[in-house]
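There are 2 protein chains.
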Amino acid sequence: MAITKSQLPPFSVPPPPPTSIHSIFPSPPNPIKPGQILLIGSGPGHPSLLTIAAHRALTELADIVLADKLVPAAVLALIPSRVEVVIAKKFPGNADRAQQEMMERALKEARKGRCVVRLKQGDPAIYGRFGEEVLYFRNPPSRSPSTTTPAVDHPPLPPTLVIPGVSSALAAPTMFDIPCTQRGASTSFLITTPVGKGGKMLDMPKYERARTVVVLMGVARLRSVVKTLTGSGKDAGDYPPYLPIAIIERASMPDQRVVESTLEDIEHAMESAEVGAQRPPGMMVIGWSVSALWGDGNVDVLNEGDDGEGETLGKRASESTDILREASKAIEGEFREKNEQEMKQSEGDGVRWRVREGLASTWDMFNINSE
Amino acid sequence: MAITKSQLPPFSVPPPPPTSIHSIFPSPPNPIKPGQILLIGSGPGHPSLLTIAAHRALTELADIVLADKLVPAAVLALIPSRVEVVIAKKFPGNADRAQQEMMERALKEARKGRCVVRLKQGDPAIYGRFGEEVLYFRNPPSRSPSTTTPAVDHPPLPPTLVIPGVSSALAAPTMFDIPCTQRGASTSFLITTPVGKGGKMLDMPKYERARTVVVLMGVARLRSVVKTLTGSGKDAGDYPPYLPIAIIERASMPDQRVVESTLEDIEHAMESAEVGAQRPPGMMVIGWSVSALWGDGNVDVLNEGDDGEGETLGKRASESTDILREASKAIEGEFREKNEQEMKQSEGDGVRWRVREGLASTWDMFNINSE
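For the protein sequence lines, the chains are A and B, in the order given. Just so you know, we're using UniProt numbering here: the first sequence kicks off at 1 and counts up by one. Just so you know, we're using UniProt numbering here: the second sequence kicks off at 1 and counts up by one.
Some hints here could point you the wrong way.
Note that the list lumps identical chains together, so a pair holds whenever it fits in one copy or between two copies.
Cross-link-like lysine to aspartate or glutamate pairs, in silico, EDC-like; alpha carbons within 20 Å at most [to be verified]:
1) K90 / E267
2) K338 / D177
3) K206 / D235
4) K197 / D300
5) K33 / D364
6) K206 / D364
7) K206 / E326
8) K200 / D300
9) K206 / D238
10) K69 / D255
11) K344 / E332
12) K338 / E132
13) K112 / E101
14) K112 / D238
15) K234 / D153
These are calculated hints, taken from the structure and not from any lab test.
Chain A extracted, bound-state conformation (with noise of 0.2 Å):
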């Protein structure tokens, strides 16, 4: 049933090189290109998140950090002073300047030769306007536009590097014990947001019993996030009003929390005293897999044959007969009355939200130094 691990197959990568004690990375086999850009993620906040490649970058390769905005302190300290570190002072309205000015520095220093780091937070390719970038590195203008200066013939740049990070999305969840997926609760989830482009509403996605819905950059939308989701008609989401959902706060922060309750209940929890000021940057994740993990399991609201046989009830649900929804209701209701037990035993009876904050102290094992 086990095997050890000298009976692996050979793996295709060479051995590596004789150990540093200064650094877990060998001396580069090939330094550094001059003007090597990296575009990398800080992860969702706790520096030990940062992947060890990340912290490379930050640590030994740049010359230059430009940071996102949102990028947590505790990752920017880690970066020595000799660096010099910029970070974008986006506000809404100047979104699409402060984009445009960290780019053309980027390109600016680059051109210079320097090694210059991209930071964004979470992961780069999340709604970072990584794509843009990319673009924009890999076909640069001969000048920068917002000089006079004449147009010169640069040299190319070596292909910018992109490093994937541990997103807050996926992360985040995580920190709190809800399983993005989960048998009996959860086959799929989606990543989504209700801003887009110039912060018009975006659609929200319709309810998929078997499905976890993360939504970044709504928070501050609650309201109107919370009206679309339990709205029936053509673009409303027609989920249950008693869906468990979880709005989660500065994950993998010291003072991270999260505030769990019910689509009808959660604004009511948001505003209450015991909840009081908001921590952001926050996020929602909505779904039965939000409680399935309370007290001793709550996995089995997809009701799936052990056989592995039967449908599920997702599917039979979606085929909208009236006799499939009622039994799905019925369900349903017995894991929002388990639900709700458990909110009333840790907040007290008649209160339908329960809220947990801080970081585990096991967690003080993974701070890092800074220089």
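Dock chain B against the given chain A, drawing on the hints supplied.
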């Protein structure tokens, strides 16, 4: 427009302890508790995509590592030889038993006071029975069901710590410049699988023009997945046959590869002599984002007004009137032609796919030492 690091507001994290040259970690303020279970992810493959926390768990904290079968060998190579390593031997029909065995072993070792690392591929909370393990370790059985020894009162274990990791669902597209979200091409993305409990086929999501769909664990069922997606009717997806799809194999490993084509040509591509043998593990990415960063960019399929006022065509198309459907098809047609041109450019006239493989040499900068 930009502020410097020194102008930042103070952050609530205490300053890090003094530097150690042997490790990026300070001496931990609280040594790890006996019997601590750490549930961590390996990232997609390249060892530098481990988080710093996971690297520390493997190299400094673990007494025993219980690894899932697909954990990359290059990650296992980082584990010091003093640490016991056990690899689950899952095969079809045996997954439940292998899973149970790993959980029982973890519990047994933790009860001996050892630090147990449960190592999963990618992110620990994506399709990895994360929830089952959290519940099992939270309320463990007082004795192993597979032994006949009498029940013993065990002292409680420290709470299991789950450390988020980089999921291949997000990292694999990024490694090949495929943006999961991209203005003008994708405003949301969905992670799903066709494989349900007991191997049965799960429903596939319906076509949403503005959505990237990532399908994990589905390449072995490519034919039936494509058939379901492109079919019409109640259980089918209604995806246009010309929609771009990428099959990404062994992302971030030295022999990583992507095959990009359309839903109607992808099977042909995968069976071609040029592509040859598959390189598991693989995954699919489906949607306009697949071709969004080709050439100079291919990111206007959603046809949003620059003023942010216009409705997206994706929304209008969902209204399903014939006129809007035709308008939608006309725009998609432009992108189809642009994509076909790009595929022909790379692969010769008449061939409707393109293949890219290998890891950029810049990644050599991030090779890391074992021991």
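Tested hints:
1. In this assembly of identical chains, the alpha carbons of K90 and E267 never lie at most 20 Å apart, being 28 Å within a copy and 45 Å across copies at closest.
2. Proximity of K338 and D177 under a CA criterion of 20 Å is satisfied intra-copy only: 17 Å inside one chain copy versus 44 Å between copies.
3. In this assembly of identical chains, the alpha carbons of K206 and D235 lie at most 20 Å apart whether taken from the same copy (9 Å) or from different copies (16 Å).
4. When the C-alpha separation of K197 and D300 is checked against a cutoff of 20 Å, the pair qualifies only between copies, where the shortest distance is 13 Å, while the shortest distance within a copy is 39 Å.
5. In this homomeric assembly, K33 and D364 come within 20 Å of each other (Cα to Cα) only across copies, at 12 Å, whereas the closest approach inside a single copy is 37 Å.
6. For the identical chains of this complex, K206 and D364 are neighbours neither inside a copy (41 Å) nor across copies (44 Å), given an alpha-carbon limit of 20 Å.
7. When the C-alpha separation of K206 and E326 is checked against a cutoff of 20 Å, the pair qualifies only within one copy, where the shortest distance is 19 Å, while the shortest distance between copies is 24 Å.
8. Proximity of K200 and D300 under a CA criterion of 20 Å is satisfied inter-copy only: 17 Å between copies versus 38 Å inside one chain copy.
9. Taking identical chains as interchangeable, the C-alpha atoms of K206 and D238 lie at most 20 Å apart whether they share a chain (6 Å) or sit on different chains (17 Å).
10. Taking identical chains as interchangeable, the C-alpha atoms of K69 and D255 lie at most 20 Å apart only when both belong to the same chain, with a minimum of 19 Å there against 36 Å between chains.
11. In this assembly of identical chains, the alpha carbons of K344 and E332 lie at most 20 Å apart only when taken from the same copy (18 Å versus 51 Å across copies).
12. Proximity of K338 to E132 under the C-alpha cut-off of 20 Å is restricted to the inter-copy arrangement: shortest distance 19 Å between copies versus 46 Å within a copy.
13. Only within a single protomer do K112 and E101 lie at most 20 Å apart by alpha-carbon distance; the minimum there is 17 Å, versus 57 Å between protomers.
14. In this assembly of identical chains, the alpha carbons of K112 and D238 never lie at most 20 Å apart, being 55 Å within a copy and 50 Å across copies at closest.
15. Neither within a single protomer nor between protomers do K234 and D153 lie at most 20 Å apart by alpha-carbon distance, with minima of 54 Å and 57 Å respectively.
Of the hints listed earlier, those the structure fails to meet are numbers 1, 6, 14, 15, in rising order.
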